[in-house]
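Here the protein sequences line up with chains F and A, keeping their order.
Numbered according to my numbering, the first sequence spans residues 34 to 438.
Numbered according to my numbering, the second sequence spans residues 34 to 438.
Among the hints, a few may not be true.
Copies of the same chain look alike in the list, so a pair counts if it fits in one copy or across any two.
[Unchecked claim] For lysine-lysine, the following BS3-like pairs were computed, each having C-alpha atoms within a straight-line distance of at most 30 Å: (1) Lys-428 with Lys-393; (2) Lys-214 with Lys-146; (3) Lys-135 with Lys-162; (4) Lys-146 with Lys-132; (5) Lys-428 with Lys-135; (6) Lys-135 with Lys-184; (7) Lys-434 with Lys-220; (8) Lys-132 with Lys-162; (9) Lys-162 with Lys-345; (10) Lys-274 with Lys-162; (11) Lys-135 with Lys-165; (12) Lys-220 with Lys-428; (13) Lys-132 with Lys-165; (14) Lys-434 with Lys-214.
It should be emphasised that the hints constitute simulated quantities derived from the structure, not laboratory data.
There are 2 protein chains.
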Amino acid sequence: MIFSMSKLPPIGRRIYIDNAASTPLHTEVKEVMKPFLEANFGNPSAIHEEGVLAREAVDFARLKVARALGIKTGGVIFTGSGTESNNLAILGYLEALHKSGKTYAGMEIITTKIEHPSILSLLPTLEQKGVKVHFAQVNEYGIIDTTQFIKLLSPQTVLVTFAYANSEVGVVQPVSRLVRKIRQYEKEQGSEIIVHLDGAQALLWLPCGLEQLGVDFLSLDAGKFNGPKGVGILARRKQFKLSPIMFGGGQEGGDRPGTENVLAIVGAGEAISLATRDYEERAYKVSQLRDKIITLIGQELPEAFINGPQYKNRLANNINLSLPGFDTEYAVIFLDAHGIACSTKSVCAGAGSGISHVVKEITQDEVRAKSTIRLSLGEATTSEEMIYVVSVLVKYVAKMKPLTQ
Amino acid sequence: MIFSMSKLPPIGRRIYIDNAASTPLHTEVKEVMKPFLEANFGNPSAIHEEGVLAREAVDFARLKVARALGIKTGGVIFTGSGTESNNLAILGYLEALHKSGKTYAGMEIITTKIEHPSILSLLPTLEQKGVKVHFAQVNEYGIIDTTQFIKLLSPQTVLVTFAYANSEVGVVQPVSRLVRKIRQYEKEQGSEIIVHLDGAQALLWLPCGLEQLGVDFLSLDAGKFNGPKGVGILARRKQFKLSPIMFGGGQEGGDRPGTENVLAIVGAGEAISLATRDYEERAYKVSQLRDKIITLIGQELPEAFINGPQYKNRLANNINLSLPGFDTEYAVIFLDAHGIACSTKSVCAGAGSGISHVVKEITQDEVRAKSTIRLSLGEATTSEEMIYVVSVLVKYVAKMKPLTQ
Chain F
34 MIFSMSKLPP IGRRIYIDNA ASTPLHTEVK EVMKPFLEAN FGNPSAIHEE
84 GVLAREAVDF ARLKVARALG IKTGGVIFTG SGTESNNLAI LGYLEALHKS
134 GKTYAGMEII TTKIEHPSIL SLLPTLEQKG VKVHFAQVNE YGIIDTTQFI
184 KLLSPQTVLV TFAYANSEVG VVQPVSRLVR KIRQYEKEQG SEIIVHLDGA
234 QALLWLPCGL EQLGVDFLSL DAGKFNGPKG VGILARRKQF KLSPIMFGGG
284 QEGGDRPGTE NVLAIVGAGE AISLATRDYE ERAYKVSQLR DKIITLIGQE
334 LPEAFINGPQ YKNRLANNIN LSLPGFDTEY AVIFLDAHGI ACSTKSVCAG
384 AGSGISHVVK EITQDEVRAK STIRLSLGEA TTSEEMIYVV SVLVKYVAKM
434 KPLTQ
Chain A
34 MIFSMSKLPP IGRRIYIDNA ASTPLHTEVK EVMKPFLEAN FGNPSAIHEE
84 GVLAREAVDF ARLKVARALG IKTGGVIFTG SGTESNNLAI LGYLEALHKS
134 GKTYAGMEII TTKIEHPSIL SLLPTLEQKG VKVHFAQVNE YGIIDTTQFI
184 KLLSPQTVLV TFAYANSEVG VVQPVSRLVR KIRQYEKEQG SEIIVHLDGA
234 QALLWLPCGL EQLGVDFLSL DAGKFNGPKG VGILARRKQF KLSPIMFGGG
284 QEGGDRPGTE NVLAIVGAGE AISLATRDYE ERAYKVSQLR DKIITLIGQE
334 LPEAFINGPQ YKNRLANNIN LSLPGFDTEY AVIFLDAHGI ACSTKSVCAG
384 AGSGISHVVK EITQDEVRAK STIRLSLGEA TTSEEMIYVV SVLVKYVAKM
434 KPLTQ
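If we strip away everything but chain F, and leave its shape as in the complex, we get (with noise of 0.2 Å):
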């Protein structure tokens, strides 16, 4: 038996697999952010000695991030949150567009239902000003439909936004592809059409260099790459216009307003060079992982299905899985009691309660929409603890299985 291995996790040494919802912070992140809490507070707009020290902090948190983009540093707007880079992002530039002399009635733009609430709950408010909104279909694993896609595309199409990679089901986007259609049809039409991609959860996983990528914009969120909380990213291969969406003084060149927020943008360029320093071995041996456990899966719970894609496509450390009549906010519980720290879907859709909407839309199952469970592996996690893992989840089928029928 393969859970010969299984045994509860020393005293208060804790499985941490909610990793799609917070990272912890890596070591040396912390290290370079401790001048800044102990010392550094200048504000960087001003002109004297602490001033310029905390210029020069945010100075080289914005070419480590350049860097690891490949993009010029004009190219990098630290916000307050991955939400607030999304909202910048496709807000700011259809408003720019539209201060160009170009109508809300006369932009269409494309994205897919399975988005995070920061891209889907700010739709209604563009529809309000007359911009039409396509969704893509995405098929039962979660992957835009390229050929239904390309039928989107129209003259008026200003912009294209979706995941690179699904927070709760870890769907990667064949990204090459679409932009490659996007492209041809900009050429074929001469219209601007812009790509902009919601990172939050690619870049421990993927490659998110924007000229590779070919896309225009890339929505971060340090807080999920072992970065501080409290600190996005918007990036921008060229200088597209933005309007802000927030009023005030003249930070960011001007895009977003306020304080920089010093320490935890020092935390962000430290940690967006280590994270996409080796995120391919990284992947790579989180992938092997992810695989292993969905088979131990299938094999030890029949009951459960994985949602998203099987294999290939899909984030290196995504695992979710319904239990179609098990109430899965309970066994988040049930596992936390384990020692086990995990999700049932997207924390920011509010937490435990309702169904997700992603898995509705990619099986159109209520029922296993309602009962998942997201499992997010770090780049620590052992075979070992995702095989207690396994474990603990049929200890909870075995005890509910009674109650469900």
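Please arrange chain A on chain F, whose structure you already have, making use of the hints.
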């Protein structure tokens, strides 16, 4: 000669008198933040142990803010900056009114021309929507003229917004008197007028209880009261509806989406407790020093004009002077080389260059507005330090005088 005591500060010792731009972290604030830098990294929306620990930390910080400001915890919204708090209060409240059926063209607001860029720069957007913006007159000290203010009130007035204490010239507005007039007018008209104070500069020096002040919204920035940068507070007295200015998850009661910046929020909670606890003693002590130094400037620097109120109605830690004809951006650099950190004006309006819109407005004197120096003291600033600062200013004036004529 009073400057006999004046000598250079010990090597490496700096005199930091730019507290209006950024304040150092309080030692106790660092201590409460450290565990969240070192270990606690959960997402407060997650229901497992790591998430619950983060949620409890955010809730505890919220409780501290609520207690410090005399409001319910439900009235505390954590944002990413003071700028965001100001934007959310004004844009969010008017948008909520609009959604409830009131036309923008039926709304009037009252503010002043000496506000921070995070207020002034959002006014054109409101005007484009049809909102009528009235500017209350301020006198030569920057104090709002109550008689003229009353005349601006109309049945269409929905919002009054101004800084409790001005960030450049330190004028403290007669909040109680203005609020009394507003409430009296509201009662006569049967209308509802929301009073929003930008309290960014106020918290360390003035009473900030919302009930006591009679105001509805108060914006704060933790980076200005010995807390961390990257976290603002919007406090509200009652549950006035707000429309979020960003779209995303349901965090902060639906008023502000995005994963909570736990590290900074924890620091903000501690900082506000410390700041409000002894503000009267702090303000008394520092204002005594301020007055002594303003007197000294009058004696030793005949070239200088003091901007803002002389003693009364002046923020305890603010000294603002003009040296007409002198290059005060260079003066700030000269002071910096002598170990002193200060600014010409609000750094949010861009470092150094240009004129102070505040001093221009109150003095109607462009030359004076182009030659400002703002000294914003800290709790620990000593008399010896400030005497030294004046001596360096005297030295600067003596050195540069031949070049100005």
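Subject >> Violated constraints from the hint list, given by number and in increasing order >> reply: Hints 5, 7, 9, 12 and 14 are the ones this structure does not satisfy, whereas the remaining hints hold.
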